[in-house]
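*Asks:* Since chain A is already given, all that's left is putting chain B on it; use the hints.
Protein sequence lines correspond, in order, to chains A and B.
The first sequence lines up with residues 1 to 399 when you count with the working numbering.
The second sequence lines up with residues 1001 to 1516 when you count with the working numbering.
Mixed in with the good hints there might be a few duds.
Straight-line distance between alpha carbons at most 30 Å, and here's what the computed DSS-like set of lysine-lysine pairs gives [as the list claims (entries may be wrong)]:
1. Lys179/A / Lys1117/B
2. Lys179/A / Lys1133/B
3. Lys1168/B / Lys1190/B
4. Lys1122/B / Lys183/A
Just a few of them, taken from the derived set where beta-carbon distance is under 8 Å, the chain A residues facing chain B [to be verified]:
5. Phe120
6. Glu121
7. Ser177
8. Gly196
9. Thr201
10. Gly210
11. Leu213
12. Asp259
13. His266
14. Val272
15. Gly274
16. Gly317
17. Asp322
With beta-carbon atoms standing in for the labels, derived distance ranges [unchecked claim]:
18. Glu1086/B / Ser236/A: 27 to 35 Å
19. Lys101/A / Glu1086/B: 38 to 46 Å
20. Gly274/A / Glu1108/B: 16 to 24 Å
Hints in this document: simulated from the structure, not taken from any laboratory.
Here a beta-carbon is modelled for each residue, glycine too, at the ideal position from N, C-alpha and C.
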Amino acid sequence: MNRREFLLAAAGAAALPALSFSGRLFAAPANSPRFLFVFLRGGYDCNNFLVPYSSDFYYESRPTLAIAKPGANHPNAVIPLDANWGLNPVVRDAIYPLWQKKQIAFIPFAGTDDLSRSHFETQDNIERGEPLNTSGNFRSGFLARLSSQLTGVPAIAFTNSLPLSFQGASKDIPNISLKGNTKANFDQRQSAILAGMYKNTPLASAAADGLSLRTTVSMDLQNEMTAASRGAPNASGFAQETQRIATLMRDQYRLGFVDVGGWDTHVNQGNVTGGLANNLRNLSDGLAAYAAALGKDWDNTVVVVVSEFGRTFRENGDRGTDHGHGTVHWVLGGKVNGGRIAGEQVAVTQQNLLQNRDYQVLNNYRDIYSGLLARVWGLKGNQLQAIFPQAKPRDLQLV
Amino acid sequence: MPTAPFRCSTYLALLLLAVTPLARATDSQALSAGDIAWLRRASFGLDSATVERYRELGRTRFLDEQLAGGDDPLPPVVAPLINSYEVYTTSPAKLIAEYRDEQKKVKEVDAADTNAKEMAKKDFQMYRRDLYKQSAEVELLRAIYGRNQLKEQMVWFWLNHFNVYAAKGGVGLFATDYEENTIRPHALGKFKDLVMATLESPAMQLYLDNAHNVRGKTNENYARELMELHTLGVNAGYTQQDVQQLALILTGAGILPQHGRNAVDGIDARFLNQRPGMVRNGLFAFLPGRHDYSTKEFLGHTIKGSGFDEIEQAVDLIVHQPACAQFISRKLAAYFVSDDPPPALVNAMAETFQRTDGDIAAVLRTMFLSNSIAAGYGKKFKDPTQFLVSAMRLSYDGRPITNADPLVNWLNQMAEPMYGHVTPDGFASDNASWSSSGQMAKRFDVARAIGSGRNRLFATADGEVPHADPPMLNSALFQQTLAPGLSDATRDALAKASSQVEWNTFLLSSPDFNYR
Chain A
1 MNRREFLLAA AGAAALPALS FSGRLFAAPA NSPRFLFVFL RGGYDCNNFL VPYSSDFYYE
61 SRPTLAIAKP GANHPNAVIP LDANWGLNPV VRDAIYPLWQ KKQIAFIPFA GTDDLSRSHF
121 ETQDNIERGE PLNTSGNFRS GFLARLSSQL TGVPAIAFTN SLPLSFQGAS KDIPNISLKG
181 NTKANFDQRQ SAILAGMYKN TPLASAAADG LSLRTTVSMD LQNEMTAASR GAPNASGFAQ
241 ETQRIATLMR DQYRLGFVDV GGWDTHVNQG NVTGGLANNL RNLSDGLAAY AAALGKDWDN
301 TVVVVVSEFG RTFRENGDRG TDHGHGTVHW VLGGKVNGGR IAGEQVAVTQ QNLLQNRDYQ
361 VLNNYRDIYS GLLARVWGLK GNQLQAIFPQ AKPRDLQLV
Chain B
1001 MPTAPFRCST YLALLLLAVT PLARATDSQA LSAGDIAWLR RASFGLDSAT VERYRELGRT
1061 RFLDEQLAGG DDPLPPVVAP LINSYEVYTT SPAKLIAEYR DEQKKVKEVD AADTNAKEMA
1121 KKDFQMYRRD LYKQSAEVEL LRAIYGRNQL KEQMVWFWLN HFNVYAAKGG VGLFATDYEE
1181 NTIRPHALGK FKDLVMATLE SPAMQLYLDN AHNVRGKTNE NYARELMELH TLGVNAGYTQ
1241 QDVQQLALIL TGAGILPQHG RNAVDGIDAR FLNQRPGMVR NGLFAFLPGR HDYSTKEFLG
1301 HTIKGSGFDE IEQAVDLIVH QPACAQFISR KLAAYFVSDD PPPALVNAMA ETFQRTDGDI
1361 AAVLRTMFLS NSIAAGYGKK FKDPTQFLVS AMRLSYDGRP ITNADPLVNW LNQMAEPMYG
1421 HVTPDGFASD NASWSSSGQM AKRFDVARAI GSGRNRLFAT ADGEVPHADP PMLNSALFQQ
1481 TLAPGLSDAT RDALAKASSQ VEWNTFLLSS PDFNYR
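Chain A on its own, in the form it takes in the complex (with noise of 0.2 Å):
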């Protein structure tokens, strides 16, 4: 039996009537737009991921960390990208060839107003995307709004729990890690009747998919890793998540999400080989696996990367640094306005930090991704409003 004919054989056996499958009976669209959105969790150093390498400012307020100016043959140096910016060397494999193509746009001093510089809080900010001092929903996403303003574009994070940019949508919203064993345990008797004793409860729904949605992804990956043409290599860490993410994203879901931890290094972080390089080269192999299991459908597929903030400009006494507030966030994807540094800019220097101390904020992430959003989906002005309140969408041009 193929996944299309148990989904047919479950929904129409009369011992599943909880069972809802989310739209997931029928695959969407084979051209809708995909979007998926990646949380590095903890604040990632992005002043040297991508380096102002023309701030002499740079140089100074980083003695041990700061990553070399742009020479020739020298491995270890920043790859220019412009007069001013360059990438972390790190990620020369994976992301460049991305940049080269026009397929990714960075945009610097990209954040939110939240200014508390707590991880949980501008975490819980960012992804509430509510605007600031608001007492809003505690429990209401913004992705999960987006969900709630389109049809046919089935939404899924893939994480172990339900993350609050995904909570409270006015539909049930799968989730899934795909890190680990994803096999299927319970027979459709089984679940039927597991389903059966929620069927009077808040959690119906939750059970119900859960349990489904094990069964399909199981079948599903089986059946990827048996067509052999892909020939997909033995990927590691968040490269083989994100070949399993394609999976998913190619046929059924259009909506995704995924975190990423581990960014928060105050101490030791290193530059072009340490924890901060090997958290960069992990996520960059992630996402260039991730474009190459599209296919062609990674024309159809925008990716951002976000952090709840930027960290400190200068280093700590400890070799790392501590919490900041602008940060660089990545557009990518197969027909995104790439290979430029999009959205407002100020010189990289003394006078120009926050407090002394950070990145500003130019680009508010409300403001555009409201416009990213609009020219993905063709989302008007109320409907933005819903997704982010107050927000002043601003489009700059990304796909």
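*Replies:* Leaving out everything else, chain B in the frame of chain A:
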């Protein structure tokens, strides 16, 4: 793998025959539904010993016995297992010294020999993972088998409230020290003592980087979280200026240096001698030479540069803010009572907090004897730890397991690993955080892993897994506590079970078991 051996009706008939009430239970009155619901919250979950004690004492005396706390020796049935763990029997200083030796082994392998280097690295990872598992298992075994179940819940609650992350650097070396010597002795004591104990713990000093916070090179990570997450809550009226001032106050608090030729049992002997202004407590040290002695303005008060005393003054100021009483009371009520606890209850608890100088036991007493607690019975969805511990208690009812590794793995799978929350906010306790569709599916998987008996809980030390029958969940304990209140839907499901494995799996998966 045993397949369904009976038709449903036969199976049920056999089950009914198998049930024989507890000998002592026949002559004591059955507990009311209200008693059972209350006890399911005062404990991680029911087992016969807890139910029996409640019968003997009644609610108030039972509660007061639990709140009295006192020593909590290792639960006798699992004491041998816990005593076999190095993290339990070895001092933190010795653990550090060993850890360095293990690190050295890796370094000494010639990098040119990539195979050997890889092997050495793998060995080191195994060693680290083993230490981590031991620490997680000490805490989980205590939670499952501990007699004082309210205290056990509070130990977990505070471990989560004052979260540390074992995988960050050497933090994991101190996890058991943190649980046994920092949190546990103060879990039902005065809140200020608990805050000071965490402040002086190597685990917290390392986790939030205050060990690196020294004069001229401040690191405000801990200062911020001490107020935002540990005591006052965000937006509680303090400013970025207060955070920076507190960071200065905290300079010099850290861990004894452990490097150098003079190191004895992991401590640099030159620091063992008392000198003026120095404060030592185990591996914690306040080193005056690293402290910023300027005068600070903190929470509207002036604190003169005086050394360690500044820290005590600052903590005293913090815990006496009304915001602290509110913040802690609300978090407790959200964990035990309801995601959105009644303001009247929180206010009553906060009032007790302030009246008793932050006496945790007194605040809990107010909560557990309040009428408000009954309003939410059956509406709080267990978090994964509560689910796992209660499932083990119902399934094995005090019978000791021989291998606790599966417990750690199951919690990892359910995304609530011990000492495994990266960020200092700890895990959320609200229903929505644990009941997404993916989490429901995972919980059913774990229910099956426990209910089937097909797991390694009874593996021997050399890894042999003896044939284990599924646990007998349809016990007298079940019949006398959960059975009378089961919903029709769950009764229907249990009636459809075609084997004991299925019956167990359905019960542990049921809303009746997963809500409390």
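*Asks:* Go ahead and decide if the range 16 to 24 Å is satisfied by the Cβ distance of Gly274/A to Glu1108/B.
*Replies:* For Gly274/A and Glu1108/B the Cβ distance comes to about 21 Å; the hint holds.
*Asks:* Assess, step by step, whether the Cα of Lys179/A is no farther than 30 Å from the Cα of Lys1117/B, and give holds or violated.
*Replies:* Holds, at roughly 27 Å.
*Asks:* When you check the alpha-carbon spacing of Lys1122/B and Lys183/A, does it fall within 30 Å?
*Replies:* Holds, at roughly 28 Å.
*Asks:* Going by Cβ atoms only, is Thr201/A closer than 8 Å to chain B?
*Replies:* holds (5 Å)
*Asks:* Just to be careful: measuring from the Cβ of Asp259/A to every Cβ in chain B, is the smallest value less than 8 Å?
*Replies:* violated (11 Å)
*Asks:* Min Cβ distance, Phe120/A to chain B: is it shorter than 8 Å?
*Replies:* Because about 4 Å separates Phe120/A from the closest Cβ in chain B, which is inside the 8 Å limit, the hint holds.
*Asks:* With a cut-off of 8 Å on the beta carbons, see whether Gly317/A makes it to chain B.
*Replies:* holds (3 Å)
*Asks:* Restraint: Leu213/A near chain B, CB-CB cut 8 Å. Satisfied or not?
*Replies:* Holds: closest Cβ of chain B sits about 6 Å from Leu213/A, inside 8 Å.
*Asks:* For the restraint on Glu121/A, tell me whether the closest CB of chain B is nearer than 8 Å.
*Replies:* holds (5 Å)
*Asks:* Does Gly274/A meet its interface restraint, that is, does its C-beta lie within less than 8 Å of any C-beta in chain B?
*Replies:* violated (13 Å)
*Asks:* Starting from the range 38 to 46 Å, see whether the pair Lys101/A and Glu1086/B falls in it by beta-carbon distance.
*Replies:* violated (53 Å)
*Asks:* At a threshold of 8 Å, is the proposed contact between Val272/A and chain B supported by beta-carbon distances?
*Replies:* violated (18 Å)
Hint violations for this structure: numbers 12, 14, 15 and 19, all remaining hints satisfied.
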